[in-house]
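> Sequence:
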Amino acid sequence: MMTIRCFRLPLLIVLSLALTGLVASAQRGGRGGGGAAPEPPVPPLNLPPNPRLDALKQELIADIESRRVFTQQMVDTIFSYSELGFQETETQRYVTDILVREGFEVQRGVAGVPTSWIGKYGSGRPIIALGTDIDGLPTTNQMPGVVTRKEFVAGAPGHGEGHNAGQALVMTAALALKKIMDREKLPGTIVLWPGVAEELLGTKAHFVRGGIFKDADAVIFTHVGSNLSTAWGDGSGNGMVSVEYMFHGASSHAAGSPWAGKSALDAVELMNMAWNMKREHLRLSQRVHYVITHGGDQPNVVPPEASVWYFFRETDYEHVKELWDLGDTMAKAAAMMTGTTVESRVLGSAWPQHGNRPIAQAMHANILQVGMPQWSEADQQFARAFQRAMGAEERGLSTTVSQTLNGRVSIPDSEKTGGGSDDIGDVMWNVPTVRLSFPSNVSGATGHHWTSAIAMATPVAHKGATQSAKVVGMTSLDLLMQPELLTAARDYFVNVQQAPKRYKPFLRPEDKPGTWLNKDTMDRFRPELRKFYYDPTRYKSYLEQLGVAYPPPMPAAKP
Numbered sequence: 001m002m003t004i005r006c007f008r009l010p011l012l013i014v015l016s017l018a019l020t021g022l023v024a025s026a027q028r029g030g031r032g033g034g035g036a037a038p039e040p041p042v043p044p045l046n047l048p049p050n051p052r053l054d055a056l057k058q059e060l061i062a063d064i065e066s067r068r069v070f071t072q073q074m075v076d077t078i079f080s081y082s083e084l085g086f087q088e089t090e091t092q093r094y095v096t097d098i099l100v101r102e103g104f105e106v107q108r109g110v111a112g113v114p115t116s117w118i119g120k121y122g123s124g125r126p127i128i129a130l131g132t133d134i135d136g137l138p139t140t141n142q143m144p145g146v147v148t149r150k151e152f153v154a155g156a157p158g159h160g161e162g163h164n165a166g167q168a169l170v171m172t173a174a175l176a177l178k179k180i181m182d183r184e185k186l187p188g189t190i191v192l193w194p195g196v197a198e199e200l201l202g203t204k205a206h207f208v209r210g211g212i213f214k215d216a217d218a219v220i221f222t223h224v225g226s227n228l229s230t231a232w233g234d235g236s237g238n239g240m241v242s243v244e245y246m247f248h249g250a251s252s253h254a255a256g257s258p259w260a261g262k263s264a265l266d267a268v269e270l271m272n273m274a275w276n277m278k279r280e281h282l283r284l285s286q287r288v289h290y291v292i293t294h295g296g297d298q299p300n301v302v303p304p305e306a307s308v309w310y311f312f313r314e315t316d317y318e319h320v321k322e323l324w325d326l327g328d329t330m331a332k333a334a335a336m337m338t339g340t341t342v343e344s345r346v347l348g349s350a351w352p353q354h355g356n357r358p359i360a361q362a363m364h365a366n367i368l369q370v371g372m373p374q375w376s377e378a379d380q381q382f383a384r385a386f387q388r389a390m391g392a393e394e395r396g397l398s399t400t401v402s403q404t405l406n407g408r409v410s411i412p413d414s415e416k417t418g419g420g421s422d423d424i425g426d427v428m429w430n431v432p433t434v435r436l437s438f439p440s441n442v443s444g445a446t447g448h449h450w451t452s453a454i455a456m457a458t459p460v461a462h463k464g465a466t467q468s469a470k471v472v473g474m475t476s477l478d479l480l481m482q483p484e485l486l487t488a489a490r491d492y493f494v495n496v497q498q499a500p501k502r503y504k505p506f507l508r509p510e511d512k513p514g515t516w517l518n519k520d521t522m523d524r525f526r527p528e529l530r531k532f533y534y535d536p537t538r539y540k541s542y543l544e545q546l547g548v549a550y551p552p553p554m555p556a557a558k559p
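In terms of this note's numbering, the sequence shown has 126 at position 126, counting the first letter as 1, and numbering is strictly consecutive.
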């Protein structure tokens, strides 16, 4: 028998706690800390009481609880596909088949991205877009629930970022919303869309350019973590542009007549050398890294073609553009020194993130009402076993949410130390957007690594997705039923977020999605990976199909 958590805090008390935390956060300076002058207190939402909305939220929570098996099966199925960016064909087929079956209007292959889709339900405004990423990472194939390295297929890709759980989350929320919208005849449209090739920062700028969000009133985006939280204002990571430089020279016999050749590989190496000399003289917040994507065919042929792929990361558009301009200069100089020619193409981009304050306030109130999942002792043992195996602090799974909603309109540049990027930033600068971090993973893992895949088809991932679907569904109801919230969100977006700067895309007119990326890798590994696809008609869970005991025994303590 399924047990539904009872919520004792009335909604008005929860909202009061949330808003108290907001003011305290703003007065302390919010995230980023440091000695900057505190920003003025955050204005409360002051939304009118809505007993009908409160009752519908409780119904939605119960409905999502009843869909636990559906959510679990989606989490496990997408995990088993292990698909890399731009090659998420099985994921697209699986998710869009469900959308069609549930009565959504589905369009596949939008904005020039073959593995993308849009699923729409309802009519009229407001238009609420629910999004989450779907792609995996190279070499992160890992048996779930096993706290030591154990691959299905050696060297194959896997879900080492946990993107397999988000689709289950937003789909579960959308189906519960659809049921309420139909019965209550609520006006509005729910739009489901995927973050294709997020690990390449490859598509959201193209989605923006393709007009996918031009009519949206709000976007709710989710990303896996180990807590249940949201934030607003400036993000602490970097913006980024991804550029590949292709050098063209002339071949010759590398021993018989090397003087007749023009080495494109020499140009690549000179460009890389120039960057490695330049690093000493760049800001601490920059992150520039590269891989040589083609270096020639064999040593006795002077390489006529060679290419190198760069990520240029910085804290804002202007500084990212400076790095890109430097890269172009170095590429042209390397071509001049070697007598080669060079051209470039943008493979992806990401604006710095900025979350919408009013929507985050509403979402945080819902987080306080829902709380963390109810972890079992088996879940806690799994987490502690994982953390011991990783050499991390054995603190298990978090059981409480933060009472404080962090955020600042602007983090001073002196406090930004740089870091990763997410192309949800491009969406955030075009539509009022909020990002939910949901607890389907365990603290102690290494990012972009097989350790981040271990929890992602276990009860931890399942429960985290279910609990967080409640938050997404409740916040969507807030947006559908409280026009005051939409007005406040738009006002913040136009008059606060966009006051100092407006979105300027990194994409040039000639830049297209890099749909060829990862194709060779998936073509090589997919036949073997297919043998491990999850079959929910025969097994209750992927762990059962794989014969993995849960929880695992505690590893021996490290000396």
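It is possible that part of the hints are untrue.
Said to hold, decoys possible - PhoX-like mimics (lysine-lysine), calculated; alpha carbons at most 20 Å apart, straight line:
| hint | residue 1 | residue 2 |
| --- | --- | --- |
| 1 | K120 | K214 |
| 2 | K262 | K179 |
| 3 | K504 | K214 |
| 4 | K150 | K504 |
| 5 | K321 | K504 |
| 6 | K178 | K120 |
| 7 | K214 | K501 |
Keep in mind the hints are simulated off the structure, nothing from the lab.
These numbers come from a predicted model, not from an experiment.
> K262 and K179: Cα distance at most 20 Å?
violated (65 Å)
> Within a Cα-Cα threshold of 20 Å, do K321 and K504 meet the stated pairing?
The given pair, whose Cα atoms are some 11 Å apart, holds under the 20 Å limit.
> Would the pair K214 and K501 pass a check requiring their Cα atoms to be no farther apart than 20 Å?
holds (19 Å)
> Holds or violated: K120 and K214, Cα atoms, limit 20 Å.
holds (15 Å)
> Given the hinted pair K504 and K214, is their alpha-carbon gap at most 20 Å?
holds (15 Å)
> Could you grab the alpha-carbon distance between K178 and K120 and see if it respects the 20 Å cut-off?
holds (10 Å)
> With a cut-off of 20 Å on the C-alpha distance, tell me whether K150 and K504 pass.
Measuring from Cα to Cα gives roughly 44 Å; hence the hint is violated.
Consistency note: the structure conflicts with the earlier hints numbered 2, 4.
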